[in-house]
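Those protein sequences? They're chains A and B, same order as listed.
Going by the numbering used here, 39 is the number at position 39 of the first sequence; the sequence numbering is gapless.
Going by the numbering used here, 109 is the number at position 109 of the second sequence; the sequence numbering is gapless.
Among the hints, erroneous ones may be present.
Said to hold, decoys possible - Covered stretches of chain B, going by a simulated chain A footprint (3 or more residues, C-beta under 8 angstroms):
#: 1; segment: 58 to 72
#: 2; segment: 99 to 113
Said to hold, decoys possible - Only some residues are given here: those of chain A computed to face chain B with a beta carbon under 7 angstroms:
#: 3; residue: D38
#: 4; residue: G42
#: 5; residue: L43
#: 6; residue: Y50
#: 7; residue: D54
#: 8; residue: Y64
#: 9; residue: F90
#: 10; residue: G102
#: 11; residue: G107
#: 12; residue: G109
#: 13; residue: T113
Simulated from the structure, these hints should not be mistaken for laboratory data.
It should be emphasised that the depicted structure is a prediction, and the values quoted were computed from it without experimental measurement.
Where a beta carbon is used, it is the ideal one built from N, C-alpha and C, also for glycine.
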Amino acid sequence: DAGITQSPRHKVTETGTPVTLRCHQTENHRYMYWYRQDPGHGLRLIHYSYGVKDTDKGEVSDGYSVSRSKTEDFLLTLESATSSQTSVYFCAISVGQTSNTGELFFGEGSRLTVL
Amino acid sequence: GDSVTQMEGPVTLSEEAFLTINCTYTATGYPSLFWYVQYPGEGLQLLLKATKADDKGSNKGFEATYRKETTSFHLEKGSVQVSDSAVYFCALLSSGGSYIPTFGRGTSLIVHP
Numbered sequence: 001d002a003g004i005t006q007s008p009r010h011k012v013t014e015t016g017t018p019v020t021l022r023c024h025q026t027e028n029h030r031y032m033y034w035y036r037q038d039p040g041h042g043l044r045l046i047h048y049s050y051g052v053k054d055t056d057k058g059e060v061s062d063g064y065s066v067s068r069s070k071t072e073d074f075l076l077t078l079e080s081a082t083s084s085q086t087s088v089y090f091c092a093i094s095v096g097q098t099s100n101t102g103e104l105f106f107g108e109g110s111r112l113t114v115l
Numbered sequence: 001g002d003s004v005t006q007m008e009g010p011v012t013l014s015e016e017a018f019l020t021i022n023c024t025y026t027a028t029g030y031p032s033l034f035w036y037v038q039y040p041g042e043g044l045q046l047l048l049k050a051t052k053a054d055d056k057g058s059n060k061g062f063e064a065t066y067r068k069e070t071t072s073f074h075l076e077k078g079s080v081q082v083s084d085s086a087v088y089f090c091a092l093l094s095s096g097g098s099y100i101p102t103f104g105r106g107t108s109l110i111v112h113p
């Protein structure tokens, strides 16, 4: 399973509150991703990281920020949660310490509900 | 830009039927191609991959062949089981140093006993 864990697995919060989701890996893989999955939309990339302190936006980055201060942790923050951010969030890593193989391992997902 | 197109679902089959899920792609160069499977309540798992033309990826009875001439990577299984019920995603990673895999929308497979 490439040693990837997400926390929390489930969270219910209120509109306007900040939320941070954590993705932790134990194998020093360079590339990490945050996706959201919604019915009818498949997987959509929010942000990704290609190294410590190196991050970039995906296709649905508005309202989200990320940080990667060390290799093993990739944090996704919703500064002020909205109901449209109710979703299942998946973290993924690309196998390979240096190059990107495109072979992704996914976490088990974090289900977020914004009331 | 890169894109992956999968057949719309759901695909509904009886146990032991033959499965094909179509996947075609648009990409420059020679991408790597992947099939992922997502069981209910879980994250995606890599099912199989192929990295060059005419390669065949296989795993758990599933197969897919990288067809450069038709830009396709169709997923097949000779005899499906109820336990194969899941959502299947086709994906690619372009050659040339891309960081971002491109996913299809996913195809739901329902297998009845």
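Status of the hints after comparison with the structure:
no. : hint      : verdict
1   : 58 to 72  : violated (count 0)
2   : 99 to 113 : holds (count 7)
3   : D38       : violated (11 angstroms)
4   : G42       : holds (4 angstroms)
5   : L43       : holds (5 angstroms)
6   : Y50       : holds (6 angstroms)
7   : D54       : violated (10 angstroms)
8   : Y64       : violated (16 angstroms)
9   : F90       : holds (6 angstroms)
10  : G102      : holds (3 angstroms)
11  : G107      : holds (6 angstroms)
12  : G109      : holds (5 angstroms)
13  : T113      : violated (15 angstroms)
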